[in-house]
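Whole structure, please, built from the sequences with the hints as guidance.
Chains as they are written, first to last, in the numbering used here: chain A, 57 to 166; chain B, 57 to 166; chain C, 57 to 166; chain D, 57 to 166.
The hints are simulated quantities; they were obtained by calculation from the structure and are not laboratory data. Mixed in with the good hints, there may be bad ones.
[Unchecked claim] Here are the simulated distance ranges between beta carbons:
1. D:Lys-166 - A:Ser-110: 46 to 54 Å
2. C:Ser-105 - D:Ser-58: 22 to 30 Å
3. D:Ala-147 - A:Asp-107: 24 to 32 Å
Even for Gly, the Cβ is constructed at its ideal location relative to N, Cα and C.
4 protein chains.
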Amino acid sequence: MSEIDDITQALIKFRNERDWEQFHNPKDLAVALSIEAGELLENFLWKPSEDAKSEKVKEELADVLAYAFLLAEKYDFDVKEIVLQKIKKNAEKYPVDKAKGTAKKYNELK
Amino acid sequence: MSEIDDITQALIKFRNERDWEQFHNPKDLAVALSIEAGELLENFLWKPSEDAKSEKVKEELADVLAYAFLLAEKYDFDVKEIVLQKIKKNAEKYPVDKAKGTAKKYNELK
Amino acid sequence: MSEIDDITQALIKFRNERDWEQFHNPKDLAVALSIEAGELLENFLWKPSEDAKSEKVKEELADVLAYAFLLAEKYDFDVKEIVLQKIKKNAEKYPVDKAKGTAKKYNELK
Amino acid sequence: MSEIDDITQALIKFRNERDWEQFHNPKDLAVALSIEAGELLENFLWKPSEDAKSEKVKEELADVLAYAFLLAEKYDFDVKEIVLQKIKKNAEKYPVDKAKGTAKKYNELK
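Now the structure itself:
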């Protein structure tokens, strides 16, 4: 079994022991992920990156990842495959010769 | 090399080819992750889960995962380890006998 | 003085008494607003609208509004004017005859 | 009629002309607000505050405000009242002598 399958199985075991699948529809999982992304971001509020506490970043990032893996599982997405596909797609939107060294959005590149 | 290392290496290669590491400080990565979580959520706006288009969910979830993996790499976190640790911690906050079948937050459980 | 000016002045007084203007750059105000939007959303997680507690919704919505007013003040935007302008712009993107009764995005309307 | 009532009435007129009240339950309004907060934040991604384009900030902030006012209306909250109440509450959490000049959260103040 792959590493990501291992993680996903642990998340599902935790969820099922608590009978929480009834709450975990895709919409609420996406809502949960967005809330956790906000909690992660809170570690950087009013301060530069280097002042964030890595121990707290770790916990909130783990929550984000947990909901992302659970959502992927709901749709039966292969995490590795969908990220590699997206990189390929982004490589077309952001060709190296135009995107190099600039933070502009693809629709602002010339 | 593990599956998640594979994905992370592909993300870093894409980033470095475009000389984007200069923009990828942890704070902005957390901001980017939060923005992408909002775009993911947009697929569920004004509708129930079943009306969301899985093709679009897939793309936005891939973006969320990409920034989550890049942020983990910045801090040298092992994705599997931090999620499993968080499950353990949550198991204490949400003991099965109190949390079973309820969506209440840990501080509202009795 | 207008109602919104009154609110904004109260927010600025609170901020200045604590010498917090140094932290309130537009980027961090936008980050703060996004975090508070997540906390607002948390009141609706895993449940339908009617199960959210209005007392908590009230507090989190107040936080969102506070940062929105402070951000408007930073840019010297007139809140009434910018919302009315946006309604006008949206009226063009969502003409009544095409948008009536549908939750589709403007780029999906026919 | 107050300034905020004026804005809210304009938003409701826009909504009703399109028969959108059916979609505007509090949960989806909170989801919409969170999505718009992400779009607002996007103007600051990978850059310092001063590089954000104020014209775009204006539009996204208007969207955030629009959903905040619509949500307040749903609950029959008085915007001015709830923000002033929250300032009062925050004044207790952040007493001037402890909070002055620090960006720490209330639970980290000594």
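We went through each hint and held it up to the structure:
The hinted window of 46 to 54 Å between D:Lys-166 and A:Ser-110 is violated, with their beta carbons roughly 22 Å apart. Here the CB-CB span from C:Ser-105 to D:Ser-58 is close to 26 Å, well matched to the stated 22 to 30 Å. A beta carbon spacing of about 25 Å between D:Ala-147 and A:Asp-107 agrees with the range 24 to 32 Å that was offered as a hint.
Violated hint for the displayed structure: number 1, the only one.
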